[in-house]
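Peer 1: The residues making up each chain are set out below.
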Amino acid sequence: MAAITLAELAVRYGCELRGDPDLVVSSVATLDAAEPGAICFLANSAYRSLLGSAKATAVILTEEDADECPVACLVTPNPYAAYAAVAAELYPARKLNPGVHPSVVCDPETLVPASAEVGPGAVLGANVQLGERIYIGANTVIGDDVTIGDDGWLAANVSLYSGTRLGKRCRLHSGSVIGSDGFGIAQSESGWVKVPQVGGVEIGDDFEMGANTTIDRGAIDDTHIGNDVKLDNLVQVAHNASIGDHTAIAAMSGIAGSATIGARCQIGGNSAVLGHFEVCDDVSIHAQSLVTRAIRKPGAYSSAFGVEEVGKWRRLVGRVKRLEVVAGQIKELQKKVKGLIK
Amino acid sequence: MAAITLAELAVRYGCELRGDPDLVVSSVATLDAAEPGAICFLANSAYRSLLGSAKATAVILTEEDADECPVACLVTPNPYAAYAAVAAELYPARKLNPGVHPSVVCDPETLVPASAEVGPGAVLGANVQLGERIYIGANTVIGDDVTIGDDGWLAANVSLYSGTRLGKRCRLHSGSVIGSDGFGIAQSESGWVKVPQVGGVEIGDDFEMGANTTIDRGAIDDTHIGNDVKLDNLVQVAHNASIGDHTAIAAMSGIAGSATIGARCQIGGNSAVLGHFEVCDDVSIHAQSLVTRAIRKPGAYSSAFGVEEVGKWRRLVGRVKRLEVVAGQIKELQKKVKGLIK
Amino acid sequence: MAAITLAELAVRYGCELRGDPDLVVSSVATLDAAEPGAICFLANSAYRSLLGSAKATAVILTEEDADECPVACLVTPNPYAAYAAVAAELYPARKLNPGVHPSVVCDPETLVPASAEVGPGAVLGANVQLGERIYIGANTVIGDDVTIGDDGWLAANVSLYSGTRLGKRCRLHSGSVIGSDGFGIAQSESGWVKVPQVGGVEIGDDFEMGANTTIDRGAIDDTHIGNDVKLDNLVQVAHNASIGDHTAIAAMSGIAGSATIGARCQIGGNSAVLGHFEVCDDVSIHAQSLVTRAIRKPGAYSSAFGVEEVGKWRRLVGRVKRLEVVAGQIKELQKKVKGLIK
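Protein chains in written order, with the working numbering: chain A, 71 to 412; chain B, 71 to 412; chain C, 71 to 412.
I should point out that these hints are in silico values taken from the structure, not numbers from a laboratory. Errors might be hidden in some of the hints.
In this list, chains with the same sequence are indistinguishable; a pair is considered to hold if it fits within one copy or across any two.
[Claimed, not checked] Listed next, the in silico BS3-like pairs over lysine-lysine satisfying Cα-Cα at most 27 angstroms (straight line):
| id | residue 1 | residue 2 |
| --- | --- | --- |
| 1 | 405 | 264 |
| 2 | 412 | 401 |
| 3 | 382 | 405 |
| 4 | 125 | 367 |
| 5 | 165 | 264 |
Being a predicted model, the structure only gives us computed values, none of them experimental.
Produce the entire structure from the sequences given, and follow the hints as far as they go.
Peer 2: Structure follows, in structure tokens:
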């Protein structure tokens with residue numbers, strides 16, 4: 071763990087410092103658990119009441135919250151992003167220990183740069199193109215003709231099928247799979263006929279992919295992921311989907327085949343976008359929602375109900391299912407009232 | 071990549087050829103991106119407008135669309151299935167390179183046929199029964215007493231627990247797991263008691279299983295999957311579920327314990343069938359739907375809402391939750407109108 | 071497989087025996103498939119009609135069902151828990167075969183106790199603390215500074231990131247991942263900034279985790295799982311979630327970041343709890359439901375609809391979407407009726 075003065079942090083991250091510039095912080099903490107030596111952040115004014123009892127050495131916060139801060143603070147319009155940078159400095163990523171573990175199986179047609187670290191049991195196919203400073207975790211398997219850009223980081227037990235192309239600074243978590251066959255099956259009289267999936271997967275820079283997330287290869291053309299795309303755990307991206315730059319998708323969401331998601335979208339957990347539909351830029355989809363049509367207007371969308379006590383929920387479902395009766399009752403009332411008015 | 075004349079394709083796949091029989095195709099492409107040398111398909115007349123500018127050497131399509139095709143075409147009632155066969159011919163599967171990699175750990179009680187290819191780091195338990203021409207990917211782990219039929223294909227990082235039995239021509243993608251313990255737990259005063267899961271998993275021929283999909287072993291009897299069943303990525307099949315022949319299940323759907331799904335069913339993504347219910351043959355379940363009862367009649371079923379803009383959706387949910395008030399208002403109106411009519 | 075007399079079972083599990091105490095059982099079976107030699111259970115009186123034709127040697131059941139049992143029976147208030155114990159006795163877990171396979175890669179700073187069994191291809195990082203009688207499956211990868219308590223059992227292809235701490239008797243199924251980075255990203259003008267995830271994962275005793283389930287490490291503090299927690303397959307637990315003792319979560323459910331689930335909760339499949347909300351003890355959430363607020367009262371909650379035939383469902387959705395019109399119609403009727411009454 072590193073240690074750094076508030077003065078340095080203020081300069082580096084363009085914050086206004088209120089307090090002693092020589093104070094040193096060496097750890098991060100949450101506001102309510104922080105001890106001296108720690109730096110915290112307050113990004114949501116709803117938690118402002120926690121400031122009063124803060125014991126941290128410093129808090130990163132907005133102008134709006136600064137006056138109530140009883141300790142030193144770094145003032146910035148975007149405390150969460152500033153915190154992220156400070157935390158990265160205090161907790162630097164584990165340094166690479168370049169070298170290929172003797173248990174690695176690497177096809178002779180693949181050249182591993184001297185700057186790479188390849189962990190025990192990893193398997194690299196033929197003609198894998200590796201950039202500089204790449205980390206490949208233990209027991210990760212990389213197929214033939216895969217490209218991984220500079221500073222790629224692959225955790226343990228990742229699987230990349232042949233033909234996967236990753237840009238720079240991509241991070242893949244354990245259990246993630248890229249390039250598996252899309253779900254392409256054609257009905258015939260004798261049953262399903264497999265449709266060969268001959269496309270690949272093309273991924274931009276600064277991609278992060280959560281644990282056990284899956285991305286299928288394209289059926290004919292490639293599946294396409296832009297730059298700075300972030301996928302949480304257990305997400306599914308089907309064949310020939312396209313995801314625009316800076317889009318983030320929370321856990322357990324699925325993008326069906328040939329769906330196109332624009333740039334800067336945010337998709338909540340356990341949601342799904344049906345196949346072939348297009349979602350434009352700057353769309354936010356709430357959790358457990360289903361996109362069943364094209365979305366052409368930026369904004370937030372939902373189709374989810376929140377829980378109620380079971381008895382209440384069942385009555386409500388019952389009432390929904392009797393809406394046809396309600397319509398009939400209204401029609402009859404309208405008729406009778408019309409008769410009365412005449 | 072292979073190359074083949076239209077004449078040969080027409081004969082082999084029973085299509086009517088319109089155009090020069092000596093034209094040669096060597097790749098597949100989408101209609102709008104195709105260049106000469108490629109063959110395309112048009113399976114959905116909604117995309118017929120793309121035909122006009124087609125530059126492909128040939129298009130596979132129906133009688134209905136043939137007249138508008140500006141290039142050679144192969145006419146068939148089922149263009150998608152014909153395309154699948156043609157694509158398989160043009161892009162033959164990578165040939166097996168028989169042999170067992172020296173890093174493989176194989177129990178002495180297991181015999182690997184000479185026709186098998188077993189990749190680096192794979193682990194085979196005792197008494198594994200392997201058919202002919204089986205591919206086992208790198209770092210895949212196969213427990214004791216597993217059976218894999220002829221022409222089985224297991225990608226990298228697959229896990230088969232002991233007692234799993236696969237028919238012929240089964241394809242399992244990376245991260246898939248078969249035979250893990252079912253979620254069997256009994257409540258007691260001191261907490262949960264694990265219920266031993268002593269059944270196995272029995273799977274028919276021509277099964278395909280997507281990346282990170284899971285199938286649990288049976289609690290007492292086996293979990294059962296029929297012939298020609300297709301599971302997409304991140305699907306869950308719980309203990310003692312039974313899935314009929316030719317059924318296909320899209321990504322992120324779950325079949326709960328002891329549920330029985332009939333033959334030729336199609337289950338959309340992110341759906342679930344609750345435990346112990348029976349779904350008859352030829353049922354289609356829409357995406358993000360929940361089966362909470364037996365389905366005894368073939369047809370299509372849904373319980374999903376599609377997204378609306380958040381403001382509109384919230385008003386709608388509010389109205390649903392006030393349906394009790396609506397019922398009261400109608401009752402009062404009925405009473406008053408009755409009074410007026412008297 | 072073991073064999074045991076009914077007398078012994080009755081004594082060991084505190085059941086009342088009705089029938090010949092010297093009868094021997096050696097297997098478990100379902101009521102309708104049982105043959106002599108097998109023991110069954112009947113935990114749900116709905117299946118009582120199956121008793122009449124039972125061929126099992128004995129059935130475990132409640133007082134209420136005992137009179138209709140044509141064969142020997144073990145009477146207990148909790149037949150399912152008694153069955154679990156009997157099955158565990160008849161099907162004892164495979165005994166450990168202590169030793170470290172020569173292909174294992176273990177950091178010199180980690181000491182593997184002589185009582186452990188470590189399978190082929192497993193990888194252990196530095197400073198891993200292992201209790202007694204631990205099983206580590208083939209190709210499982212354990213990061214630095216991981217702690218695993220006595221009698222831990224890890225299947226093949228599990229991934230534990232550094233800093234994961236497991237209590238005693240924890241069982242992790244294949245493909246499960248613990249300690250991957252939480253989905254912490256901060257928006258900035260130039261795109262997403264990764265928020266370092268510096269917390270760990272702390273898990274209690276008697277934890278079971280299904281295949282391909284994921285638990286993220288904490289952003290600052292730890293993600294916390296209590297004692298006797300059971301997670302099914304493909305479950306997601308996000309950073310800094312907290313799950314109380316004896317809580318069970320069915321497949322494909324997600325607990326979002328910083329959500330707190332109480333003790334003895336049961337969460338149905340394909341459900342989700344949104345971030346930062348608190349669910350109190352003894353709450354049951356139905357399948358495919360969404361918790362969008364704090365739950366402070368024990369009980370059962372739901373927000374799911376069950377499927378209808380598509381035509382009927384579409385009309386129903388249409389009626390829901392016209393609820394604003396219904397409200398207008400009622401308002402107009404109320405006005406007219408008021409006019410008539412005056």
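Peer 1: For each hint, tell me whether it holds in the structure or not.
Peer 2: The hints, checked one at a time:
no.	hint	in the structure
1	405 x 264	neither (58 angstroms within a copy, 63 angstroms between copies)
2	412 x 401	both (17 angstroms within a copy, 20 angstroms between copies)
3	382 x 405	between (33 angstroms within a copy, 26 angstroms between copies)
4	125 x 367	neither (46 angstroms within a copy, 34 angstroms between copies)
5	165 x 264	between (45 angstroms within a copy, 17 angstroms between copies)
Consistency note: the structure conflicts with the earlier hints numbered 1 and 4.
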